[in-house]
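The hints should help you fit chain B onto chain A, whose structure is shown.
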Amino acid sequence: MAEATEIFHAKEGPEKTANPHPLVELTLTRMREFLREKEAVFWVFVFPVLMTFALGIAFRNTAPDKTLVAIEAGDAKASETASILSRSPDITATVLSPDEAQRQLRSGKVAIIVKPVDNTFEYRFDPTRPESRTARLLVDDVLQKGKGRADVVSVGEAKITEPGARYVDFLVPGLIGMNMMGSGLWGLGFTVVIARSRKILKRFAATPMRRSHYLLSFMLSRLVFLVLEVAAVIIFATLAFGFTVRGSWLAVALMTVLGGFTFSGIGLLVAARPTTIEGVSGLMNFIMLPMWLLSGTFFSSERFPQVLQPFIQALPLTALNNVLRALMNEGTSLSSNWVSIAILLIWFVVSFVVALKIFKWQ
Amino acid sequence: MSTQTSSVALRCAGLVKRFADVTAVNGLDLEVFKGECFGLLGPNGAGKTTTVEILEGLTPSDEGTVDILGQRWSKGDDRALRERIGVQLQETQLAEKVTVAETLRLFRSFYQRGHNVDEVIHTVALEEKRNARVGKLSGGQKQRLAVACALVSDPELLFLDEPTTGLDPQARLSLWDIVEKFRAGGGTILLTTHYMEEAARLCDRVAIMDHGKVISLGTPAELIESLGADQIIEFSVTRELAEEALKRLPAVTHLHKRDDEYSLTVSEIGVALPALLGEIERQQSEIVTLTTHQATLEDVFVSLTGRMLRDG
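If you're matching them up, the sequences are chains A and B in order.
Quick note: the first sequence uses the working numbering, first residue 1, plus one each step.
Quick note: the second sequence uses the working numbering, first residue 1, plus one each step.
Hints in this document: simulated from the structure, not taken from any laboratory.
All C-beta atoms, glycine included, are put in the ideal place defined by N, C-alpha and C.
Some chain B residues judged to face chain A by a derived CB distance under 8 angstroms, without partners named:
| no. | residue |
| --- | --- |
| 1 | Leu58 |
| 2 | Val87 |
| 3 | Gln93 |
| 4 | Ala95 |
| 5 | Lys97 |
| 6 | Phe110 |
Below, computed lysine to aspartate or glutamate pairings styled on EDC-like, alpha-carbon distance capped at 20 angstroms:
| no. | chain 1 | residue 1 | chain 2 | residue 2 |
| --- | --- | --- | --- | --- |
| 7 | B | Lys136 | A | Glu33 |
| 8 | B | Lys97 | A | Glu33 |
| 9 | B | Lys136 | A | Glu37 |
| 10 | A | Lys357 | B | Asp78 |
| 11 | B | Lys97 | A | Glu39 |
| 12 | A | Lys360 | B | Asp78 |
| 13 | A | Lys109 | A | Asp90 |
| 14 | A | Lys199 | B | Glu96 |
| 15 | A | Lys38 | B | Glu96 |
| 16 | A | Lys360 | B | Glu91 |
Next comes chain A alone, as it looks inside the complex (with noise of 0.2 angstroms):
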């Protein structure tokens, strides 16, 4: 008891000892909060490389597959049709009854139907199919030299498939992008809006801690994060895919460090005002959905109409996901990407100031 007292009478002394710094503190705080947070850490960390994974297999480029063709059954026309089609190396053909034919077409499991009509044949597929489309030029080949057709000229190939150029390597970069995103908002948006409803920002904001310190404090630990988080999927990515980055990998790590802070930025302006969980959840699947769809993470977002373009070019995920696109993909420099990092600049000052105008301590 005695000893219980000691501090309240030690007033010569109270030590100015060597304290730690509270940008410090609160951002080993931050850091020990997320990492003790098991469902958090899978959705930063493993989530994306299970995404890379799954995505990688579903569309890995592999020797081109075969163009499946269904040939309707009728005569014996059906299966010499089938011996011509199956010369070439490119094409597996079935024979199929009518029926059967026209349900494999429907589901897409067949790309075109080959109907023998008399000396002659009829093709049935979708034009709006690419797929279709290349099976009726390659089996209307075939069949036309198997008909005696003969070339006109002869023309070399060379076959090549670059790294860089195949879906995963599209995908990796808007995987990056959209993670980063989705860990900002999430990662500053629930934290501080939890601290606020918990009333910690107002106990904060009753001690001399300044206030620049703990927004700072999200900043630094999410930088923390961003670079284990990018790392984790680029080194899967190389590992699983042979994924390469083409462009200088000082300019991916600028990147992904600007792209963290426009998403934290804009994290802490959703944050400024909620008071409860609901409130802010709301808030950033709103914000979050159109960037999902439309900033080009799975697709080109060239893909959606020109009216669009302006809107979606200037989203920050849009533009992130172009940039990273550009460096890890075609290898280009920083500047000739000033465009999208403008827009991440733009959106992460906007945003952090906004925020720190607007912000609610309690």
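Just chain B now, with coordinates in the frame of chain A:
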């Protein structure tokens, strides 16, 4: 004036705070001297928390002035002032995934000077929970940690807002212990509570608050004395009694009836009790229950407002 100022830790005058539909604080004056434990006692909704948050510089008041340790809020030096005060808020729930020691190290890092984390852990008797996560602590342990976060800066003035609300008696006692030690070391405390026994035990002076105002002020003994009585007789009977006759009994200063329960404030129990028993018999009623106790702050509040503290 100047000599008086030096002994005053906190002074506020004419505080008013209005919210959309209520006036939470309605012209409040307070003076807390250095080295004393000052209690704000009142039911829920009396305006205690709002008052404390204005004093802590967390909520701006609509009217009135606040002097804290010779400084005022929003004069450009709030951080220096925050270095000197310790705050425990009623509703703060500290982060659950962080340990006791980590939480205190974080709070310690905000201050230029203060105690070492282990000393404070020792003071609030949480050594065994040093590396336990906050989420695993009991209510009493969490509250001791909240107070430790307020103590880690070695404050001159400590604000405690209902520090023992919802705690079991054991946990309450150990918290009182911490407060008493801080006070014994020369610290000044402003404490809010709606437990009269807490105010009576810890506080040198008490202000009783109701509807945003101080309705009575003094040492607990003075307040009880102001009842003009030192004993309370509480009783119930089989047949309702004529109240006028009760009030006329010798040594009775006040009568309060609540449901079937009569409460007599008496100056001399030896005179009043036999007279009361005679009166009950005269009115042909019989005693069901009867207790007597020393007058408490609760009785002061009841006699001032006609309500019980816990009625809110």
